[in-house]
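Those protein sequences? They're chains A and B, same order as listed. Residues in the first sequence are numbered consecutively from 476, following this note's numbering. Residues in the second sequence are numbered consecutively from 8, following this note's numbering.
Please note: incorrect hints may appear among the correct ones.
[To be verified] With a Cα cut of at most 25 Å, we get these calculated DMTMM-like pairs of lysine to aspartate or glutamate: (1) K287(B) x E163(B); (2) K664(A) x D96(B); (3) K569(A) x D227(B); (4) K732(A) x E246(B); (5) K664(A) x E246(B); (6) K660(A) x E246(B); (7) K105(B) x E696(A).
[Said to hold, decoys possible] Which bits of chain A does chain B cover? Going by a derived footprint, with three or more residues having C-beta under 8 Å, they are: (8) 507–513; (9) 527–533; (10) 563–574; (11) 636–643; (12) 702–710.
Calculated directly from the structure, the hints in this document are not laboratory data. Glycine is no exception: its CB is placed at the ideal position from the N, C-alpha and C atoms.
Next come the chains, spelled out residue by residue.
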Amino acid sequence: MNSNTAYEKVKIARSNKRPTSVDYIDNLLTDFIELHGDRRFADDGAIVGGVARLDGKPITVIGIEKGRNTKERMQHSFGSPNPEGYRKALRLMKQAEKFHRPVLCLVDTSGAYCGIGAEERGQGQAIAENLMEMMTLKTPAISIVIGEGGSGGALALSVSDRVWMMENAIYSVISPEGCASILWKDSAKAADAAANLQLTAQDSLTNGLIEKIIPEEKIGEEEFYASLKQQLIDEFSVLCEMDTTELLEQRYQRFRKIGSTEL
Amino acid sequence: MAAFLKFLFQSRNELESGGRNSLPVQEDASEPEKVCPNCHKSIPLSRLWANENTCSCGYHFRMSALQRIAYIADEDSFSEMFSDVTTQDPINFPGYQKKLELTRISSKEDEAVICGTVRIGGVKCCIFIMEQYFMMGSMGTAVGERITRTFEYACEHRLPVVGYTVSGGARMQEGLFSLMQMAKTSGAVKRHSDLGLFYLVILTDPTTGGVTASFAMEGDVILAEPGATVGFAGARVIEQTTRKTLPKGFQTAEFLLDHGFVDAIAPRTIQKDMIASLLKLHTEGEEDEQ
Chain A
476 MNSNTAYEKV KIARSNKRPT SVDYIDNLLT DFIELHGDRR FADDGAIVGG
526 VARLDGKPIT VIGIEKGRNT KERMQHSFGS PNPEGYRKAL RLMKQAEKFH
576 RPVLCLVDTS GAYCGIGAEE RGQGQAIAEN LMEMMTLKTP AISIVIGEGG
626 SGGALALSVS DRVWMMENAI YSVISPEGCA SILWKDSAKA ADAAANLQLT
676 AQDSLTNGLI EKIIPEEKIG EEEFYASLKQ QLIDEFSVLC EMDTTELLEQ
726 RYQRFRKIGS TEL
Chain B
8 MAAFLKFLFQ SRNELESGGR NSLPVQEDAS EPEKVCPNCH KSIPLSRLWA
58 NENTCSCGYH FRMSALQRIA YIADEDSFSE MFSDVTTQDP INFPGYQKKL
108 ELTRISSKED EAVICGTVRI GGVKCCIFIM EQYFMMGSMG TAVGERITRT
158 FEYACEHRLP VVGYTVSGGA RMQEGLFSLM QMAKTSGAVK RHSDLGLFYL
208 VILTDPTTGG VTASFAMEGD VILAEPGATV GFAGARVIEQ TTRKTLPKGF
258 QTAEFLLDHG FVDAIAPRTI QKDMIASLLK LHTEGEEDEQ
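Can you make the complete structure from the sequences, with help from the hints?
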């Protein structure tokens, strides 16, 4: 893939014209009730989560929300969660496990929040705990990268049974700008970095790191949501049929095989 | 009178004064020295090495994985595992192969972590020690795979795991494959934990990024070396993004202790004893099975 194509996708993935998590929640689910707070420190606006129904059945939904206008973006910390956001997400996942409902995660972040308070409250620890706990969460989970899948901050909601990406979403270990400035001391080489990092949905699928790409021709339209909704209903019904031990073994192996030379 | 008594009881040679308290140090005028960044004194290398790379002022110099094994392992007890696991350059990143080749020559290591089994204070355990001299201990697929296998081996043989972390984070030259190692290693830690087995982390300078956000923060007990930098985001990045002055001692081991993310500070002088005690406290009843 040439540099333009990859970096073009980065720009599309970041565009503020794209639907955000709340749009998906409104259009895919019914009876959504937002649940706030991590019960430890605060409520992080960067994560919007709660209970709802998918095709009439209870589901827990957790989305990283960037906000749709300046005011909203401020409220949602531009979609960069603080530790309390990840802890709220984990609380809602544990709640889903208790009440045997599946979990849908919507991922859209340039990365976990970068700040003094975030470090003081253990950003690394919060993400690490989510990775561990999601791996053995006794209920099915699907994550969809709807825009930016920025590094550890995105992975903290993506240790799921299925990971899907929007056609123009990106998923990367580092931003192309960060990569270019560290490796080549030149953030202007971001387009080259984007191409080399293999961060597009197509790259991720080819590399065997995700299960599915959701086409975007009709993004935001009724048809788009109807199709995505049906795919979620179908996939969750497959996952919900599975025995928990088998589900967890498959989830473990899903990640275990990545970068393994022998298995 | 006092002077006379002092004369009477003064030690006449090294043995009377209690012997040397460190390994024999041959003072040699031509011996290379290192200046301590904390107290600015010059320390002969032999003295530095005899004190586990620490200065008498308490400053901890960085050290290689092999140096750590030398002071932490019971004699001849370390046996390396999974050293054949190397990276496959999963996304054919430009310049990466060359960089690996050069790093292998300069560091004399194949990857940024050494794993194996060891005895510490007589207790058998699995150990992984990250290597800062190999691409700043960054985690790619080989590091993730070696650490995962170490935990899986420990599960199979019901052994505790001791892990020394030092890392700049995920290795960006391996793209999303390296990010996924955070999930993979965390899964292995979780399985080990769910079997009721003990995992001890020692955070060393510096431990940052994706390693902090995965297995470095997942220990049952987390120790940190004095003054070690430990954090998720880089301090400079935080300063540039927030345009705020960082508080004094930000992201040091002591800062993490204050904020409740580290159990204790472990100076190298007493580190092995601390580790051995913790291992013993957590393996009683397991010994027979080893």
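To see whether the hints hold, each was checked on the structure:
no.: 1; hint: K287(B) x E163(B); result: holds (20 Å)
no.: 2; hint: K664(A) x D96(B); result: holds (21 Å)
no.: 3; hint: K569(A) x D227(B); result: holds (20 Å)
no.: 4; hint: K732(A) x E246(B); result: violated (38 Å)
no.: 5; hint: K664(A) x E246(B); result: holds (23 Å)
no.: 6; hint: K660(A) x E246(B); result: holds (19 Å)
no.: 7; hint: K105(B) x E696(A); result: violated (48 Å)
no.: 8; hint: 507–513; result: violated (count 0)
no.: 9; hint: 527–533; result: violated (count 0)
no.: 10; hint: 563–574; result: violated (count 0)
no.: 11; hint: 636–643; result: violated (count 0)
no.: 12; hint: 702–710; result: violated (count 0)
When held up to the earlier numbered hints, the structure conflicts with 4, 7, 8, 9, 10, 11, 12 and fits the remainder.
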